[in-house]
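A.B. asks: For reference, the chains in residue letters:
2 protein chains.
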Amino acid sequence: MDKHLVVIGGTAAGMSAAARARRGDPSLSITVFERTGHITYGSCGLPYYIGDVIKDVNKLITYTPEYMKKERNIDVYTLHEVTNINTQEKYVKVKDLKSGDIFKQPYTQLVIATGAIPIVPKILGVEHKNIFTLRNVEDGLRIKELLSSGRVKRATVLGAGFIGLEVSEALRNWGIEVTVFEMLPAILPQIDKEFAVLVEDELQKNSVKLYKNTKVVEFQASGENVIKILTEDGRNFESDMVIASVGVKPNTALARNANISIGPLGGIAVDKYMRTSAPYVWAAGDCTETYNLVTRKPAYLPLGTTANKQGKIAGENVVGGSAAFPGILGTQVTKIFDTYVATTGLNEMSAKDAGIAAVSAKIVHTDKASYYPGSKYIHTKIVLDKKTAKVVGAQMAGSEGIGKRIDVFATAITAGMTAYQLNELDLAYAPPVSPVYDPILIAASAGIKALEKA
Amino acid sequence: MDKHLVVIGGTAAGMSAAARARRGDPSLSITVFERTGHITYGSCGLPYYIGDVIKDVNKLITYTPEYMKKERNIDVYTLHEVTNINTQEKYVKVKDLKSGDIFKQPYTQLVIATGAIPIVPKILGVEHKNIFTLRNVEDGLRIKELLSSGRVKRATVLGAGFIGLEVSEALRNWGIEVTVFEMLPAILPQIDKEFAVLVEDELQKNSVKLYKNTKVVEFQASGENVIKILTEDGRNFESDMVIASVGVKPNTALARNANISIGPLGGIAVDKYMRTSAPYVWAAGDCTETYNLVTRKPAYLPLGTTANKQGKIAGENVVGGSAAFPGILGTQVTKIFDTYVATTGLNEMSAKDAGIAAVSAKIVHTDKASYYPGSKYIHTKIVLDKKTAKVVGAQMAGSEGIGKRIDVFATAITAGMTAYQLNELDLAYAPPVSPVYDPILIAASAGIKALEKA
Numbered sequence: 001m002d003k004h005l006v007v008i009g010g011t012a013a014g015m016s017a018a019a020r021a022r023r024g025d026p027s028l029s030i031t032v033f034e035r036t037g038h039i040t041y042g043s044c045g046l047p048y049y050i051g052d053v054i055k056d057v058n059k060l061i062t063y064t065p066e067y068m069k070k071e072r073n074i075d076v077y078t079l080h081e082v083t084n085i086n087t088q089e090k091y092v093k094v095k096d097l098k099s100g101d102i103f104k105q106p107y108t109q110l111v112i113a114t115g116a117i118p119i120v121p122k123i124l125g126v127e128h129k130n131i132f133t134l135r136n137v138e139d140g141l142r143i144k145e146l147l148s149s150g151r152v153k154r155a156t157v158l159g160a161g162f163i164g165l166e167v168s169e170a171l172r173n174w175g176i177e178v179t180v181f182e183m184l185p186a187i188l189p190q191i192d193k194e195f196a197v198l199v200e201d202e203l204q205k206n207s208v209k210l211y212k213n214t215k216v217v218e219f220q221a222s223g224e225n226v227i228k229i230l231t232e233d234g235r236n237f238e239s240d241m242v243i244a245s246v247g248v249k250p251n252t253a254l255a256r257n258a259n260i261s262i263g264p265l266g267g268i269a270v271d272k273y274m275r276t277s278a279p280y281v282w283a284a285g286d287c288t289e290t291y292n293l294v295t296r297k298p299a300y301l302p303l304g305t306t307a308n309k310q311g312k313i314a315g316e317n318v319v320g321g322s323a324a325f326p327g328i329l330g331t332q333v334t335k336i337f338d339t340y341v342a343t344t345g346l347n348e349m350s351a352k353d354a355g356i357a358a359v360s361a362k363i364v365h366t367d368k369a370s371y372y373p374g375s376k377y378i379h380t381k382i383v384l385d386k387k388t389a390k391v392v393g394a395q396m397a398g399s400e401g402i403g404k405r406i407d408v409f410a411t412a413i414t415a416g417m418t419a420y421q422l423n424e425l426d427l428a429y430a431p432p433v434s435p436v437y438d439p440i441l442i443a444a445s446a447g448i449k450a451l452e453k454a
Numbered sequence: 001m002d003k004h005l006v007v008i009g010g011t012a013a014g015m016s017a018a019a020r021a022r023r024g025d026p027s028l029s030i031t032v033f034e035r036t037g038h039i040t041y042g043s044c045g046l047p048y049y050i051g052d053v054i055k056d057v058n059k060l061i062t063y064t065p066e067y068m069k070k071e072r073n074i075d076v077y078t079l080h081e082v083t084n085i086n087t088q089e090k091y092v093k094v095k096d097l098k099s100g101d102i103f104k105q106p107y108t109q110l111v112i113a114t115g116a117i118p119i120v121p122k123i124l125g126v127e128h129k130n131i132f133t134l135r136n137v138e139d140g141l142r143i144k145e146l147l148s149s150g151r152v153k154r155a156t157v158l159g160a161g162f163i164g165l166e167v168s169e170a171l172r173n174w175g176i177e178v179t180v181f182e183m184l185p186a187i188l189p190q191i192d193k194e195f196a197v198l199v200e201d202e203l204q205k206n207s208v209k210l211y212k213n214t215k216v217v218e219f220q221a222s223g224e225n226v227i228k229i230l231t232e233d234g235r236n237f238e239s240d241m242v243i244a245s246v247g248v249k250p251n252t253a254l255a256r257n258a259n260i261s262i263g264p265l266g267g268i269a270v271d272k273y274m275r276t277s278a279p280y281v282w283a284a285g286d287c288t289e290t291y292n293l294v295t296r297k298p299a300y301l302p303l304g305t306t307a308n309k310q311g312k313i314a315g316e317n318v319v320g321g322s323a324a325f326p327g328i329l330g331t332q333v334t335k336i337f338d339t340y341v342a343t344t345g346l347n348e349m350s351a352k353d354a355g356i357a358a359v360s361a362k363i364v365h366t367d368k369a370s371y372y373p374g375s376k377y378i379h380t381k382i383v384l385d386k387k388t389a390k391v392v393g394a395q396m397a398g399s400e401g402i403g404k405r406i407d408v409f410a411t412a413i414t415a416g417m418t419a420y421q422l423n424e425l426d427l428a429y430a431p432p433v434s435p436v437y438d439p440i441l442i443a444a445s446a447g448i449k450a451l452e453k454a
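Protein chains in written order, with our numbering: chain A, 1 to 454; chain B, 1 to 454.
Rather than coming from a laboratory, the hints here were simulated on the basis of the structure.
The beta carbon of each residue, even a glycine, is placed where N, CA and C say it ideally should be.
One thing to keep in mind: the hints can contain errors.
Taking lysine-lysine pairs in the DSSO-like style, the calculated list, with each CA pair at most 27 Å apart, reads [claimed, not checked]:
| id | chain 1 | residue 1 | chain 2 | residue 2 |
| --- | --- | --- | --- | --- |
| 1 | B | Lys449 | A | Lys272 |
| 2 | A | Lys59 | B | Lys55 |
| 3 | B | Lys129 | B | Lys272 |
| 4 | B | Lys93 | A | Lys69 |
| 5 | A | Lys55 | B | Lys376 |
| 6 | A | Lys193 | A | Lys449 |
| 7 | B | Lys386 | A | Lys449 |
| 8 | B | Lys69 | A | Lys449 |
| 9 | A | Lys376 | B | Lys449 |
| 10 | B | Lys59 | A | Lys362 |
| 11 | B | Lys129 | A | Lys376 |
| 12 | B | Lys122 | B | Lys104 |
| 13 | A | Lys70 | B | Lys449 |
| 14 | B | Lys376 | A | Lys59 |
| 15 | B | Lys55 | A | Lys449 |
Each pair of labels, with its calculated beta carbon distance range [said to hold, decoys possible]:
| id | chain 1 | residue 1 | chain 2 | residue 2 | range |
| --- | --- | --- | --- | --- | --- |
| 16 | A | Lys449 | B | Glu194 | 41 to 51 Å |
| 17 | B | Lys93 | A | Gly416 | 34 to 44 Å |
| 18 | A | Tyr67 | B | Ala324 | 51 to 61 Å |
| 19 | A | Gly355 | B | Val364 | 38 to 48 Å |
Covered stretches of chain B (in silico footprint by chain A; criterion: 3 or more residues with CB under 8 Å from a CB of chain A, positions within the stretch not fixed) [claimed, not checked]:
| id | segment |
| --- | --- |
| 20 | 35-47 |
| 21 | 304-316 |
| 22 | 333-345 |
| 23 | 371-385 |
| 24 | 395-407 |
| 25 | 435-442 |
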């Protein structure tokens, strides 16, 4: 049999793998099977689609199957679900979701990029037609259709993580009442409390009702369209739609059934070359687990940036390369209304969990020269390893100005820089761009003082 | 004699030195002499003051002498010019510019922070009352007074460097005709041509008349207020005011007269601890020359960021510390109307000059997800050492989004990262903040391809 790469999943990791393999080997046969109707869509853009910030869903879709065939000679089949992997005989079983036909597709190399699936909370009544999760284009279309009908006056979000809060903003764009329920005592669990509080203030300012420490225990249909929401503490609420945004989990059913090793966090186990436990089988993206660069411990953080990078690496190695994925820092950023919030590396809690004696410092400063019109405050917290003085994490919240400042911390952490080295960096300054001491340097300096006191 | 620190110069480097020394030694006597009427002013903010973006000049001034006395126990004398340094007998001679009195001030330690002085071009007629340089608060006040009089319909800027162009924008804010003359064939000499061209387009879009390759040879008074400007190529122009912005030079007269060593670039020579050649004499800021972190060669780039850092180091070492200044990358950023432009490390020319075989790559990408409303293009060029694959420089131009992205490059260069390591960084992504592959990573990837082809 000729060399034939089969890729399961046509979004970030899968298409990156296919495209990179094609670049490395122009003669390889490449086939991609995608369960949904679309490939290469930016699922991170879905909240902006349902919030009508983006009008046309096609803007979220980078490539079509036709483009991939014509420009890259990659065969892409959408609405085709792989139902089985046979690693002994090296084939996958595929179901054409339109015709119902099932066929076998042999491979010489296989990349599993099945992504993550939204966790559907185990709540009585969760199957109500107006309760949604938001993961793929079809979900986005369904949700926006309902919002566009004008029948939704009250919407509810379950879960106050990054996506849940982005969704709450999107729903407020429709001028409707928005309520968020969070089981935990705090929103945004990746972020230390003092930063989460800034986001809570922003939600309040924008009339999003937030109930923390509140567990939803039942949904009841009330008439044709209304959902009654019962909480553990005995309260009840009414809503015209619910979006459950309580997290995702790696989609590993195919891999498990094929006896491919699963890691301690439930994702497909891969080495740094993106090899699974089965020969000729690679995996990349949200279905896999990876390592934290700072702690060197397993990490599961499904993000498009990581998926793209891992896909490229798998694709390069499929055709004989030896690219390696170094691990992640867990860098994340989002905008909630007008407040941006970001994190990279470890926070105080995760440093403690990792057994690192940490020292931290927090500062508030303007993003531009304080006298420059439109300058706004940003909050910065730096987390240092007490023993080595190395920067192990940072968090920021405030104006748009934090968006790429967090990347300076990410770069410094990756390079193993100490607070002293960070403090010496020759960073860009002009009054419309930064204060003369950038908040990054002010945080480094505060970190040094904290270290010296500790 | 009790320990007595004398500091010459009360802006960035001088006041940083004084403040840091105070923190290290609460009992030290500290006296600062400042020639102008103001201390701790942000001279980088002056273009925004004359452009009336900042209405109140006091906003540019961080501290007053009264504050420094009360809060820090530092004696600050403005309008006091040091006229002589005697390193043998350890005193300075000081002239009180108001009374004319001259007195001796002994020191046990001396910090020279005399800054830079604007270069007044040697052009016939340059002493005309409406021809200015812009360096200190008094300059700013005089220029703004003239602009506010309403008598200026045409203004001229000499020199198309960062400051000259900021000044041209400031003048356009008054709705007047603005002309810039540049002797060299290109504007912004720190920046490669393809980036300079983007700024030229922005000047044109904003009706700033730019004459490159044009040397002004004479100014003639024409009536009471009009200046006739004659160029080498035989043309002549009329203007109601001229701001000469052809650069600055280290203010070293005092040091030279005291036989303190001057470096190859004309700045006061200091070691990494900011020690001069004379015992008990330190120097910091724009009057000194430093080292380029990448080339390890002498560099002169008078910037407030560097002055602040060096001042702190001098102050720390004056009281027994051993802080060291690592050198500079030459990171610079500015905003010209709506175009931001930045550079760090080496460009192609300076890499060549430094004997580094360089490979570079240029990319254009949006600053946010391309589908996100308001996303704008930014241009990024990465310069790599062909032999080591290390990042040695970067330039960016476009939207505000470049302002802190350049700092990621600065951090990577400082850490000695290769293009491969840069390409793997876990940077922040959310559609309102960045595309899924940040332009930094796209540039790294393009750099890798260029390396592999080279």
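A.B. asks: All the hints need checking, so say for each whether the structure fits it.
C.D. replies: We went through each hint and held it up to the structure:
At roughly 22 Å between alpha-carbon atoms, Lys449(B) and Lys272(A) fall within 27 Å of each other, so this suggested pair holds. A hinted pair counts as satisfied when its Cα atoms are at most 27 Å apart, and Lys59(A) with Lys55(B) does not qualify at roughly 43 Å. Restraint check: the Cα-Cα separation between Lys129(B) and Lys272(B) comes to about 42 Å, which exceeds 27 Å; the hinted pair is violated. Only pairs whose Cα atoms come within 27 Å are accepted, and Lys93(B) paired with Lys69(A) is rejected, the gap being roughly 81 Å.
The straight-line distance between the Cα atoms of Lys55(A) and Lys376(B) is roughly 18 Å, inside the 27 Å bound, and the hint therefore holds. Annotation: proposed proximity of Lys193(A) to Lys449(A) holds, straight-line Cα distance about 22 Å (limit 27 Å). At most 27 Å may separate the alpha-carbon atoms for a hinted pair to count; Lys386(B) and Lys449(A) exceed this at roughly 40 Å. With a CA separation close to 24 Å, the supplied pair Lys69(B) and Lys449(A) stays within the 27 Å bound.
A hinted pair counts as satisfied when its Cα atoms are at most 27 Å apart, and Lys376(A) with Lys449(B) does not qualify at roughly 39 Å. A distance of roughly 26 Å separates the Cα atoms of Lys59(B) and Lys362(A); the hinted pair therefore holds under the 27 Å criterion. Simply put, Lys129(B) and Lys376(A) have alpha-carbon atoms about 39 Å apart, too far for the 27 Å limit, and the pair is violated. Our distance criterion of 27 Å between C-alpha atoms is broken by Lys122(B) and Lys104(B), whose separation comes to about 35 Å.
Of the supplied pair hints, the one linking Lys70(A) and Lys449(B) holds, its CA atoms being roughly 24 Å apart against a limit of 27 Å. In summary, the hint linking Lys376(B) to Lys59(A) is supported, as the alpha carbons are separated by about 16 Å, within the 27 Å threshold. As the CA atoms of Lys55(B) and Lys449(A) are separated by approximately 36 Å, the hinted pair breaks the 27 Å bound. For Lys449(A) and Glu194(B), the hinted distance range of 41 to 51 Å is satisfied, since their beta carbons lie about 43 Å from each other.
One distance hint, 34 to 44 Å for the beta-carbon pair Lys93(B) and Gly416(A), is violated here, with the actual separation near 50 Å. In this structure, Tyr67(A) and Ala324(B) meet the distance hint of 51 to 61 Å, their C-beta atoms being roughly 55 Å apart. For Gly355(A) and Val364(B), the Cβ-Cβ distance of about 45 Å falls inside the hinted range of 38 to 48 Å, so the restraint holds. With a cut-off of 8 Å between beta carbons, the segment 35-47 of chain B has 3 residues touching chain A; three or more are needed, and the interface restraint holds.
Interface restraint, the segment 304-316 of chain B with chain A: holds (5 residues with C-beta to C-beta distance below 8 Å; minimum three). Figure legend: the segment 333-345 of chain B, annotated as covered by chain A; annotation consistent (6 residues with Cβ-Cβ distances under 8 Å, at least 3 required). Under a criterion of three residues with beta carbons nearer than 8 Å to beta carbons of chain A, the stated coverage of the segment 371-385 of chain B is upheld, 3 such residues being counted. Counting residues of the segment 395-407 of chain B whose beta-carbon sits less than 8 Å from any beta-carbon of chain A gives 7, enough to reach three: the coverage restraint holds.
Coverage of the segment 435-442 of chain B by chain A holds [criterion: at least 3 residues with CB-CB distance below 8 Å; count 4].
Violated hints, listed in ascending order, are 2, 3, 4, 7, 9, 11, 12, 15, 17; each of the other numbered hints is respected by the structure.
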